[in-house]
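Engineer: Chain by chain, the residues:
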Amino acid sequence: MVTLKDYAGGPTAWCPGCGNFMLLRAVQEALVGLGKEPHEVLSVSGIGQAGKLPHYLRCNTFNSLHGRTLPPATGAKLANHELTVLAIAGDGDCYGEGGNHFLHAIRRNIDITLIVHDNQVYGLTKGQASPTSDTGFATKIQPEGVILAPFNPILVAVAMNASFVARGFTGEKDHLVGLIQEAVRHKGFALVDVLQPCPSFNKLNTFAWYKERVYKLDEGGKYDPADRAAAFQKAQEWDSKIPIGVIYTNPKRPTMEEQIHAIREAPLVKFATGGPDRSRFERLLEEFV
Amino acid sequence: MLDLKIKIGGEAGQGMQTVSHTLAHVFTRGGLHVFAIQDYQSRIRGGHNFSALRIRESPVFSMPRGVNILIALNKETIDLHRGELHEGGVIIYDGEKVKVEAHQNLLSVPLDRLAQEGGNKLYGNSVAAGAALGLLGYAFEPLAEVLRDVFGKKGTVAEDNVKAARAGYDFTTRNGHSQFPWKFKPLDDRRRMLIAGNEALALGALAAGCKFVSAYPMTPSTGIMTYLAGKAREWDIIVEQAEDEISAITMAIGASFAGVRAMTATSGGGFCLMVEGLGLAGMTETPIVVVEAQRPGPAIGLPTRTEQSDLEFVLHASHGEFPRAVLAPGTSEEAFYAMAKAFNLAEKYQTPVIVMSDQHLADSYWTIDTLDVSRITIDRGQLIQPEETEKLAGYKRHAITHSGISPRALPGYPGITVVTDSDEHDEEGHLTEDTGLRTRMMLKRMRKEIGLAQEISPPKFYGTANPEVLLIGWGSTYGAIREAVDLLQAQGQKAGMMHLSEIWPFPSGAVATALESARACFVVENNATGQLARLIRRETGKAVTGKILKFDGLPFSPEYIMEGIK
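So the sequences go chain by chain: A and B. For the first sequence, the residue numbers in the numbering used here are 35 to 323. For the second sequence, the residue numbers in the numbering used here are 5 to 570.
Calculated directly from the structure, the hints in this document are not laboratory data. Treat the hints with care, since some could be wrong.
Stated by the list, open to error - Using 30 Å as the maximum straight-line C-alpha spacing, the simulated DSSO-like pairs for lysine-lysine come out as follows: (1) B:Lys498 with B:Lys395; (2) A:Lys39 with B:Lys400; (3) B:Lys101 with B:Lys79; (4) A:Lys304 with B:Lys395; (5) A:Lys207 with A:Lys70; (6) B:Lys400 with A:Lys304; (7) B:Lys395 with A:Lys39; (8) B:Lys235 with A:Lys304; (9) B:Lys395 with A:Lys70; (10) A:Lys39 with A:Lys207; (11) A:Lys221 with A:Lys70; (12) A:Lys256 with A:Lys275; (13) A:Lys174 with A:Lys160; (14) B:Lys125 with B:Lys103; (15) B:Lys235 with A:Lys221; (16) A:Lys70 with B:Lys570; (17) A:Lys256 with A:Lys221; (18) B:Lys498 with B:Lys448; (19) B:Lys189 with B:Lys157; (20) B:Lys158 with B:Lys103; (21) A:Lys160 with A:Lys275.
Using the sequences and the accompanying hints, generate a full structural model.
Structural biologist: Okay, structure coming up:
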């Protein structure tokens, strides 16, 4: 039986009060709840405070470059689709530096769970605006406030018909655990955008700010995440009320792995590695004669 | 010895390459040796493109100046290439379509009309191919056989093409053949291969057990992924078109980390984007093979032409220091074996290996005897198997060892976790800022270069030992330099070639010795500054006598090299 102890990693380097602590705990609890062993899990991360999470979560880890979370995660999943692959990124990492990969990962619908630590600010570089910073958010680089419109990852994901789109909040840990478990169980690309306070650099979107606004979509039992029109509406709620939960699902989209002939029976990594059969290869050479 | 050049010119979309390729197959099947080049513009239709092939009874490696038969599918081809004709050479053109002033070299063959009479006026190119063979007095049947192979059993397409070719053949047999000074006959029916650089690189990857290719299309590298994508289903490999080159290389790195042989291919512009990925592979000690098919830069440069201006870029690409190997095959045959070696080196030393190509290598065709797959062995280095539990006890992905190579396990092995990081990391793979550990890890990674250097083959030599003139090159200039040596020797000069097809770690000792043995040394490079000359100076302390450079986007001819020796 896998326990939380199995997923305990090294000492953390995050600031006190950081939302990352709850997020790490939620990931650990989710994996334990799913009965996954650490060797069955691969976490791939980018750079930033979020990118450090895999170092504190004992499992296979590929800590990649800034913004390059999804491509290596995709390559690793295609090479061994028996692995549970978590892509762990920050808002700057995934929606700024790696924005193009985010769009194309949705298109591929590869069976990866993307967890984005979305604190609407750059932490590691000390407080600049991120792609999801609210308009007007003032920083040392944007002293008069951000004039760009914020990137709405949920709305983009719904627009691209992503097969699983969810938003969580670190102030609702148990709810977040459930979302992550659902995302991992989902066959296909799953986005879990996680709102979290950054006590060091985001004095606007604080714990209290989020707490006041978030509400759970599944409370009341009327919301149907398969309803895309409703999902578009929920994806646009922000200023006074922010929905958390599964915002959209489309389980009908086939996954990338299901459609690739080479891995129809076994993972790519399980093929014998002695190279191709000699006589078969020589027949191939005949095509050039 | 007969040595014949046929050039086919026209607008993009007129099918020059098909004519060239068809004829190249005909001659190769007849036991002759062919070398063919493609010169095209970055456009889908229009412009001026040509394909040229050279035929000889012994192996050919380059395209000297001059043309014996010019097949002009438009007027511009006549205007541009008429001056290249050897005395007695013939221009085949369709006088019913193209109006030019009469000239003794012009031979009007009604390509469209003969094709129409054969069943379809679209098959004028087959008429032209037949006409060329008719002039040469070469047997017709091999052409019919190749056309049937190319067009298969699609309705009457094959037979209509054969009819068209026959009409062209009969036409020049009656008109022009008797005056044409060069005749060719099939030599034997030995089954040789006709293969382009890109195809050979792709086959090399397949033979090496490459299972994963992620790439973004970019001329002149695209042919590699195109070939492998066509074989993906049959050979159980994954070929993924990435959204950009950053994704292409980092996706391949992810696949390699998870345990499969993985590669990407691009040109210099795409490699610019891959540079951070190269460093990622170096830092995380993940094997990766990158084909860099150069074209003239900087920026978009000349997208469809050739150049060798990325050598220093590739040697230094990425910030920070880490071991790498750089191979630079000179022919399609070398390209095949270079790929197999690249995958072995990448896995043995857990570091990036770059195979340098360029448009000249990528798109040119060579006749070769065969590719010997039995010469390829697969060495996955210190890859631990999941059942080797004693090796997995207390597993540390980046264990510090004497050779610098840390035994590699894969994510998914029961009982262990595999951790790596683009940050400096400890032996387990977790990030560290311990300065002492940083030093030890750097030294560990750099120690791999000692083993890697011993794997690099010495340069290849051709011609006279202790020559008066030593011509030095790397990559695709192999053929032109070799034939320049032949020409110099025929003139009574003691000439030799030193060719580096494995360029980094630099074989300093062998290069220094060769430089000392020659009276004069010239580098021959398709770039403007002599990058190999600088590298030689840096690594051996020796300067070359001179540099023969070309950077107009076109490959060297042997004559151009000879003229550069001063």
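Engineer: Check each numbered hint against the structure and report the violated ones by number, ascending.
Structural biologist: As far as the earlier hints go, 1, 16, 18, 20 are violated by this structure, in ascending order.
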